[in-house]
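Enquirer: Build the complex from these two chains, which are given one at a time in their own frames, with help from the hints.
Take a look at the letters that make up each chain.
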Amino acid sequence: EAGVTQFPSHSVIEKGQTVTLRCDPISGHDNLYWYRRVMGKEIKFLLHFVKESKQDESGMPNNRFLAERTGGTYSTLKVQPAELEDSGVYFCASSTGSRSSYNEQFFGPGTRLTVL
Amino acid sequence: LAKTTQPISMDSYEGQEVNITCSHNNIATNDYITWYQQFPSQGPRFIIQGYKTKVTNEVASLFIPADRKSRTLSLPRVSLSDTAVYYCLVGDIGPFYNQGGKLIFGQGTELSVKP
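If you read the protein sequences in the order shown, they are chains A and B.
Here this note's numbering is used: the first sequence runs in plain steps of one and ends on residue 118.
Here this note's numbering is used: the second sequence runs in plain steps of one and ends on residue 416.
Chain B extracted, bound-state conformation (with noise of 0.2 Å):
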């Protein structure tokens, strides 16, 4: 498990996609890309995990290109509510993983949503 790279702060406005991205040059075969999310004085919550392509759910997208050295965590339409740190984590974390599944944070990237 390795720390990735991520901006450490961006903003925003209300109703704009956000798109945050994140690089990791020493992705393992076994690794997944996880992203979390943390409002102020709470723990982290799971966003969305993937492996390859593309991966959607009702919160977020997840694009990761074929030789998965970098992903994009895509925020449609964000309000005020979306204001957090977003984690963006990569290891042998996934469905089959091995290795205990121990995560391993980064510093995170700090999104402000502004009216």
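So here's chain A without its partners, still in its complex pose (with noise of 0.2 Å):
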């Protein structure tokens, strides 16, 4: 079974760009998390998607940061326009939104963001 996809694994953009972040959960996985580190400091949450829906973007850090989940499926993380303090590194995960085990979040391996 693949696992949570990330692309790209690198972005380098400069200050006020634009940069899209894509992720695929794993299939079937009703729920999708994003989340990201900034240097330094811990992961912190972003938002979540219940299917198309947003459950909750209480995370999400101002209106330059766009999530969107067409169809339920994949999920992109838009910044525009990029400042230097969104540098950092932006996770996604996915569970399976049944009453689970243990609800466990499977993680991708993250997108690496530099703003310059």
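Since the hints were derived computationally from the structure, they do not count as laboratory data.
The structure presented is a predicted model; accordingly, all values stated were derived computationally and were not measured.
Incorrect hints may have been included.
[Said to hold, decoys possible] Below, a list of computed lysine to any residue pairs in the SDA-like style, where the Cα atoms sit at most 20 Å apart:
1. A:K46 with B:I405
2. A:K46 with B:P341
3. A:K46 with B:G407
[Said to hold, decoys possible] One-sided and incomplete, this derived list gives chain A residues near chain B with beta-carbon spacing under 8 Å:
4. N33
5. E44
6. I45
7. D58
8. F93
9. S97
10. P111
Backbone N, C-alpha and C define an ideal beta-carbon position, used for all residues, glycine too.
Expert: Written out as structure tokens, the structure is:
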């Protein structure tokens, strides 16, 4: 079974540019989460989708960040315009959504974003 | 959900048992204790989850006392490949979660296993 995949693995852009990160969750997982770690800080929650609906976007830092999940499958996270403080690693995770044994979240490898 | 307190780093040698303890003073009735492991350049990976007493799987054991204010992750006979950051998470993130299941990470414990 394929795991959570993220694209690109690395992205280097200049301040003011736009970047779009993509996450493909494990097939059949209704829950999709975005997290990020900025340099020297802890991993922080950004938002949570249940299928195509935003369940919780309390962690989104500001309106420069826009997340979508079309058709309840893959998700994109767009940063427009990017600022220096947006640099960090962006993780995507998915879980089944059923009342499973552990409610385990499966994480992707992350996208490392560098804003110059 | 709230952050937990755990040691920033630990050193060990191959073959030893490693115990990582984290504390949390205000655990709620619906809260579960979950541990994740993260290797460099990878996302976190679920290790084990429990509510009370002892839970064991093929990777680790989790010990939770009756008052549930602390919990210990036990890694038996560690190897070099167990070098990673270990996160203790406490919250309504168990099998019957009602809060969406978002994870709140602390700083984690950086475990270094030496030959």
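Enquirer: Now tell me, hint by hint, if it's right for this structure.
Expert: Checked hints:
Pair hint K46 (chain A) plus I405 (chain B) holds up; C-alpha atoms about 7 Å apart against a cutoff of 20 Å. A threshold of 20 Å between alpha carbons decides the hint, and for K46 (chain A) with P341 (chain B) the separation of about 17 Å falls inside it, so the pair holds. For a cut-off of 20 Å, the pair hint linking K46 (chain A) to G407 (chain B) stands: about 9 Å separates their Cα positions. For N33 (chain A), the suggested interface contact is upheld, since its CB lies about 7 Å from the closest CB of chain B, less than 8 Å.
Checking E44 (chain A) against chain B by beta carbon gives a least distance of about 5 Å; that is within 8 Å, so the hint holds. Evaluation of the I45 (chain A) hint against chain B yields a held restraint, the C-beta minimum of about 4 Å falling below 8 Å. Hint on D58 (chain A) holds. Least Cβ distance to chain B is approximately 5 Å, under the 8 Å limit. With its C-beta approaching chain B no nearer than about 5 Å, F93 (chain A) sits inside the 8 Å limit, and its interface hint holds.
For S97 (chain A), the suggested interface contact is upheld, since its CB lies about 7 Å from the closest CB of chain B, less than 8 Å. Against a cut-off of 8 Å between C-beta atoms, the interface hint on P111 (chain A) holds, since the closest Cβ of chain B lies about 6 Å away.
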